[in-house]
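Colleague: The listed protein sequences derive, respectively, from chains V and C. The first sequence runs -5 to 95 under my numbering. The second sequence runs 32 to 337 under my numbering.
Derived by calculation from the structure, the hints in this document are not laboratory data. There could be a bad hint or two in this list.
To be verified - Subject to a maximum C-alpha distance of 25 angstroms in a straight line, what follows is the list of computed PhoX-like cross-link-like pairs (lysine-lysine):
id: 1; chain 1: V; residue 1: Lys(-1); chain 2: C; residue 2: Lys166
id: 2; chain 1: V; residue 1: Lys79; chain 2: V; residue 2: Lys58
id: 3; chain 1: V; residue 1: Lys80; chain 2: V; residue 2: Lys36
id: 4; chain 1: V; residue 1: Lys0; chain 2: C; residue 2: Lys174
id: 5; chain 1: V; residue 1: Lys58; chain 2: V; residue 2: Lys80
id: 6; chain 1: V; residue 1: Lys68; chain 2: V; residue 2: Lys79
id: 7; chain 1: C; residue 1: Lys166; chain 2: V; residue 2: Lys0
id: 8; chain 1: C; residue 1: Lys166; chain 2: C; residue 2: Lys139
id: 9; chain 1: C; residue 1: Lys166; chain 2: V; residue 2: Lys21
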Amino acid sequence: MSVQKKGWRDLPTGGLILEAGSSHTYKTGGWRTYRPVHNPQKCINCLACWIYCPDSSVIVTDGKFVGFDLDHCKGCGVCAYECPKKVRAITMTEEAEEAKD
Amino acid sequence: MWERLYIASGNRLPIIMTTVNRALSAPINIHCDHSDAMGARDAGWIQLYSENAQEAYDNLIQAVRIAEHRDVRLPVMVCMDGFIISHSIERMEMLDDMPVRNFIGPFKANYPLLDINNPVTYGPIDLQDYYIEHKRQQAEAMKLAGPVILEIGKEFGETFGRSYGFFEGYMLDDAELVIVGLGSSTGTVRSVVDELRAKGIAAGLLKLRTFRPFPAHEIAAAIGGAKAVAVLDRSDSFGAYGGPLFSEVRSALFGKNDAPPVVDYIYGLGGRDFGIADVHGIFDDLQDIVQNGAPEDEVQYITVRE
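Throw the hints in and build the complete structure from the sequences for me.
Modeller: Structure representation (structure tokens):
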């Protein structure tokens, strides 16, 4: 969902944000240089990635990893780092390469 | 420290700060000059300068109204000269609490911090897609502060008997030789203007009260007809072409028909005395400029040992 941005006459002054949860509609995925790619064959659903993700971008349903929220993932790579060494179900790949698909 | 000032204005907080102007180290010095406030002139604060204790007091009361005005909501610095005003004994009139309370009136925040039923986010990050809009709002508020300052200065006069504008002109209407300054030294200039007027010399003074927002058009109208103008800067902007006040005054006059030559005197740094003889020297220079044109060095230090 794209947000229609207001001009200076219509914005609240002082940088105030009047509504709650605006970070949901504010997409920060465009900052990403490296994209996390998940391998379901290797994943053991320990959910370390979900615990450590600083942007709440690991989507989990019924205790299972189901995907990344790429609208908000900034590509920091913490998920790949925290994935157990014996598992390594997440690899960071060039965003530019992934975005071609 | 410095960015705090920008945060106050950027968050549109009507904070009032009494700024007792002083020199900045190094070398260590806390005596009067305007280096502190002038260094903060781009921080988005309204700046009112005071000649004496009475003006500092009156400006402070008006500052609350100006800052809290719904069109403005900007912080205000009320500047007074360190030691010369802050540590001297002068006669002044204190007002009773109730009339001042009535003059100021209640403050109504647009979005009170403690309004738990309508919570908002204060001070969020503001990136490339919004920041300039918020700065544009600040520029507008500063522009709207102009008429508000005039309106409140007039109302203060009607209520308490002392009116205030952007500046005070002394013997200015027909003045040919004009000194523009701000702060306590303007009292010294005024007394020399009296001496010169008694001798038939058309000297005048423009004492600036409102430096931010800078009343460029009003100043140009007030001194555009003079034959020579000297600006007094009690701070330097090292490496700039002249002190902060000079840059603004000269810019206000630039491009006007028959604009007078404008020269700058950087004086009184670190609390160095600025006396009657210094003012006479400046008016002598202005007379010389009228006869022989502006000197090559339009910006010079005075009250300094060579």
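Colleague: Are the hints correct? Go through all of them and say.
Modeller: How the hints compare with the structure:
A hinted pair counts as satisfied when its Cα atoms are at most 25 angstroms apart, and Lys(-1) of chain V with Lys166 of chain C qualifies at roughly 16 angstroms. Between Lys79 of chain V and Lys58 of chain V the CA atoms are separated by roughly 19 angstroms; this keeps the pair inside 25 angstroms, and the hint holds. With a CA separation close to 9 angstroms, the supplied pair Lys80 of chain V and Lys36 of chain V stays within the 25 angstroms bound. For the hint pairing Lys0 of chain V with Lys174 of chain C, the CA-to-CA distance comes to about 21 angstroms; that is within 25 angstroms, so the pair holds.
Simply put, Lys58 of chain V and Lys80 of chain V have alpha-carbon atoms about 19 angstroms apart, close enough for the 25 angstroms limit, and the pair holds. Note on Lys68 of chain V and Lys79 of chain V: the hinted pairing holds, with a Cα-Cα distance of about 22 angstroms set against a maximum of 25 angstroms. Straight-line distance between C-alpha atoms of Lys166 of chain C and Lys0 of chain V comes to about 14 angstroms, which keeps the hinted pair within the 25 angstroms bound. Distance restraint check for Lys166 of chain C and Lys139 of chain C: the Cα-Cα separation of roughly 23 angstroms lies within the 25 angstroms cut-off, and the hinted pair is therefore satisfied.
Between Lys166 of chain C and Lys21 of chain V the CA atoms are separated by roughly 23 angstroms; this keeps the pair inside 25 angstroms, and the hint holds.
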